[in-house]
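Undergrad: What follows is the residue order along each chain.
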Amino acid sequence: MKTDFKTNIKAIIARAYVRVVAGNREPSWVISETVLPLISTAAFVYVYKALNAPEEFTGFVVLGGAMSAYWMTVLWSMAAQFYWEKEIGNLDLYMIAPISRMSILLGMASGGFVYASVRAGSVFLLGSLIFKIDFGVIDFGRLFLIFILCQFALFGLGMLFSSLFMIYGREAWHGVSLFQEPVYLLSGFYFPVKSLGFTLALTASLIPLTLGLDGMRQLAFKKGVEMGFLNINLEIGILAFLCVFFMVASHYALQFMENLGKKTGRLTLRWQ
Amino acid sequence: MKYSSIKDNLRTIKLSSWLGWAMESNWADPFLFAIYSVIRPIASSLILVFMYMVVTGGKTKTELFAYIYIGNAFFMYVYNVLFGISWVIHEDREHYQTIKYIYIAPIRMYYYLFGRGTAKMIITTFAVIIAIAFGMVILKIPVDLGKVNYPLLLVSMLVGLFIITCLGVLLAGVMILTAHHSWYLTEGIAGIFFLACGAIYPIDILPIWLQYLSKILPLTYWLELLRRAVLGKSLSVTLSYYSNFQLMLIMLVTTAFLAMFSHYIYRTFDHIARRYGRIDQLTNY
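As given, the protein sequences belong to chains A and B, one line each in that order.
Each residue of the first sequence is one higher than the one before, starting from 1 at the first, in this note's numbering.
Each residue of the second sequence is one higher than the one before, starting from 1 at the first, in this note's numbering.
Bound-form chain A, shown alone (with noise of 0.2 Å):
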């Protein structure tokens, strides 16, 4: 059966709303989704004070760290999304129903969007005033698009791994933990990726937070430049395909994934 395009774009709606309103039922998600983050960043600008770093690696550290409120999301509300659903039986509603999984994956990168930039929003806001950052912004349409490019290609990993953890069990849980503080090391979270060498930040930069954020510090300080990995047009053109091609990938993920466990028998097996 196909589905007309209305009804898929009501499942998005419908699939980030449920991740939107959560937000807003929990009041404890509050504090821990905006003041408790931005405490571990502050220990990491501390490290810097501690070395008598240059000030503009205090915004670095800020903006790594409103940024790995994406990451968080798209590991744990994302790749990991499928796994939970299927553990409390979602899994096998979004199978029968008439609608594309594309649009239950795409309603879970939006609604995880709005969710994450809360997070993300707030380390920032609170952290650049804390920690009275000084930014020199040198052109703040491309720092838009880098921006928005990377969020692209950043949901569309998210989507691509959700497809891969579809038939998981356990182990996705697992495989996320094992993706977190290894994404900060070589994403440079805290230090400009250029310090990897050029060959692991260049490998890194198949993970779209790595070009992400190295753009965006280039264009967001006034010595980003000198710390930066790639040209920022370079960059910008990167982000592009990554976008295209994991939304892509996580296409034909989702298609492979979903028979595979169809024909294993292990799609909506709970428990694993």
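Among the hints, a few may not be true.
As the list claims (entries may be wrong) - 25 Å max Cα-Cα, derived BS3-like pairs, lysine-lysine:
hint, chain 1, residue 1, chain 2, residue 2
1, B, K215, A, K49
2, B, K61, A, K49
3, B, K140, A, K49
4, B, K59, A, K194
Keep in mind that the hints were calculated from the coordinates and are not lab data.
For chain A, the structure is supplied; the task is to place chain B on it using the hints.
TA: Only chain B this time, still in chain A's reference frame:
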């Protein structure tokens, strides 16, 4: 039915430890699990290594670097064990939906939680050893194994693990009333200690008001004693005025207060949850 004898409680710890270990390790073959256990701590340490190297131009054989590295390595216990104990509530309540059976079983919840955290303690111990070995061999941090104060290290570790367990129980109490997905809370609480206890820098660089907070947290003294035991000296001006004995005494006193506070919070939240029928709630969103 009487179930509070030492023997019964030890059995609870033993069985819940085994359960925790099985849940942690059954998902993959031992080799994969070993890689998983190694990569995260190494990556976490390397973040600080690169931060340090970017600023200093690659020098790692310094006392400050060793101070940062060792503090960060031992702090892994706080993140992992805190998460290991507190997350049990959500895992058993929402995921496996077994918490109601645990509640009606003739065991004490404290010992069950402690046992479940033990698996994380064992895994973290391996991770800490690997991280320190990596630091000594690859990064050449100045640790002389022949000069380590082992009795001080052992006593500090035992008290430290008790402190983290108390914090885990406290957080588990809070988790009884919070919704699914609140791992950010654990991460955030661990972040407070990461910031205030001088895990990766001497507390002297913190603002004065934060130093006051630092001085009432037992984990500050725990980390200082561990560094003194491993590195043989302190880089913190504020804490260097205290002898090892004084630090140990302060740590024990603050730990006693923490234990009482943790007990009070857990009991209070548990009471509220029982009263309003939220022990086995499913939040599902």
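Undergrad: What are the numbers of the hints the structure violates, in ascending order?
TA: Result: no hint breaks.
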